[in-house]
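K.L.:
This is what each chain is made of:
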Amino acid sequence: MGRIKALVIKEFRQIRRTRAYLGLIFVAPFVQLIVMGSAITNEVKDIPLIVVDGDHSPASREIINRFSALSLFDFRGVADSTVRADRLFDRGEIKAALVIPRGFERDMGRGLSPQIQVLIDGVDGNSAGVSLGYITSMAGEIQKGWIGSRATGAGAEIVPRFYYNPGLESKLNFVPGLIGILLFMITSMLTAINIVREKELGTLEQLMATPLGGIRLIVGKIIPFTVLGLVQFSVGLIAARLVFGIPVAGNLLLLYFMALLFIMSTLGLGIFISTVTSTQQQAMFVAWFSMIFALLLSGFFVPVGNMPPLVQKITLLNPLRYFMSVLREIYLKGTPFRYLLPEAAAMGGMGIGLITAATLRFHRRLE
Amino acid sequence: MCNSRGEVVLEARNFSRSYGEVKAVREVSFSVLRGEIFGLIGPDGGGKTTLLRSLVSLLSIEKGELFFEGRSVAREPELVRRRIGYMPQRFSLYQDLTVEENLRFFGDLFDVDRKEAEGRIEELYGFSGLKPFSRRRAGALSGGMKQKLALSCMLVHSPRVIVLDEPTFGVDPVSRSEFWQILFRLREGGTTILVSTAYMDEAGLCDRVGLMYGGRILASDAPELLNSRFPRDLYGIRTGQPHLVLDALEESRLCGDCHLFGEGVHLTLEENRSPGEVEACLRERNLGWTFFGPVKPGIEDLFLLLMKGEGHGD
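For the record, the sequence lines run as chains G and A.
Numbering follows the working numbering, in which position 137 of the first sequence is assigned residue number 137; successive positions increment by one, without gaps.
Numbering follows the working numbering, in which position 163 of the second sequence is assigned residue number 163; successive positions increment by one, without gaps.
In short, the hints are calculated from the structure, not lab data.
Certain hints may be false.
Stated by the list, open to error - Covered stretches of chain A, as calculated for chain G (at least 3 residues, CB under 8 angstroms):
hint	segment
1	46–59
2	74–87
3	229–235
No residue lacks a Cβ here, since even glycine has one placed at the ideal position from N, Cα and C.
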């Protein structure tokens, strides 16, 4: 025990004397959350739009009026032909166009169902989908007004109410996720770099030649970086509260417990990386690569359920995937532990597995 | 010192170690006796580091056997790690810790009692003269002081055997000589020291040396005795144009072996050749010299001779 304690004390001394660490722990969460939390959003606003009016009727004018009055759209005027709309699309000036065909009002009067064409810039699929949704519901509302004035059709009305995130605010989804990503970064990358640095300096060789031994060495590294991770996690929680006013809906103790399980797996990864690399640059590259990988397959940007089946299976190996959903569950829904057991088991299992693998590799002496 | 019949502390028996295809150490056998300074001398890439790392249990043992105080290093690595002080090639210190923090840390790693460590550290300050810098960060020390600190760190647990891998590499001559003074004092206190170096001039400071090249120990004995092993008469030429003289001699085929040595050339004669023929040869080419005559062979001469033998043998 005394030897582990000596190593832990030494680590904390070094951490305290490295300014970069302090910045990473106390400043990075605030900066990241403010910048990323505000920048990353699924919400689509101010969609630049024109209407191609081929009908020039009271009905088409009403449509134009309604769309131009709405702040969701940035109404850019009326065009006479789709040729002009195409040109505006090409120049990137508009993202959507409504095409009202000639004879629209007449056909409507005759009881036919005339069609309105919607043209959308589909480069950003997500925004395109959201824009289409807005336009369809807007058109539906206009139509309802017309039907209402002529007939009293008793259609069923759908009134949505969104649970856990009533305003469908992106930040509620992204901010907890960001805290998880920061935690992944600091624990896996710093651990890997820290150990490889000792390799480069030659101090690791010296440590291995003492009675400290591989297992004690790893425990002595795990303890300080776990503490570091938890401190940074707390700073993240505070930042989320102060900057975005997002409180934790669920049990705080449970959240910390889950964070601890998650840290086990990321520390294991970090230590493992340190056993397969020999310079700090290499360690940095491998850590970055695994982080990007973990990030993309975590469900942070794209829900795991939307991924192809094979990729979904790969995500099962990603500790961040579990922690991402745990964070959102506890943060937004206040989900109790019994529903999070599979995630806890997966993260814990992966942590034990990775740390064991790393220890075994470490134990094979210097090669 | 005469340790020829002393107790064997470290021993290698037919030890070999390779990295993939590269044979770093080939069938090495040697032993280090209690209380002596044993020097492993040879150029870089000769296998010194591999041999030392294996002896302190850092590498797995493939072929042959290594012993520490009669016990197998392979079977009892823990014992080796507790009892031997090992200083790797690059002095391994924590640059961001102070001198005292470094010393205490290594004391703690070896479970040295705090009180005991305190006394030991004072004693080591006496050795190294680091006392005035005890609160300075190791990174801010000069090269020579860093090296003394690294040595001190591995002495906190008072090991009776220490293994040093090129401890004087890249250190200024004054610090080098101070470092050797410390080693002598340790030897007086009964410490057994195994040290590797690429500096031939440090051979004379050891009680016994092993000349290591190409993964083999080519010869091993007390430095004075090694010198007398030189099999032929050695001549030295001091000249202002050593390169030209060397070229001329190599062309003349008068010499069994000749090589540059400091400000001149060292050579042995081919059988049935006389020194007069060498002089004649040089005169013929208008090459002058300030001295020509027999000289006492040094370790370097023996080493170069053995290295060539090794080259032919392979």
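K.L.:
Hints first: check each against the structure and report whether it holds.
P.N.:
Hint-by-hint comparison with the structure:
1. 46–59: As far as the segment 46–59 of chain A goes, the hint holds, because 5 residues have Cβ atoms under 8 angstroms from chain G.
2. 74–87: Coverage by chain G holds for the segment 74–87 of chain A (6 residues, Cβ < 8 angstroms).
3. 229–235: With 0 residues in contact (Cβ-Cβ under 8 angstroms with chain G), the coverage given for the segment 229–235 of chain A is violated.
In this structure, the one hint that does not hold is number 3.
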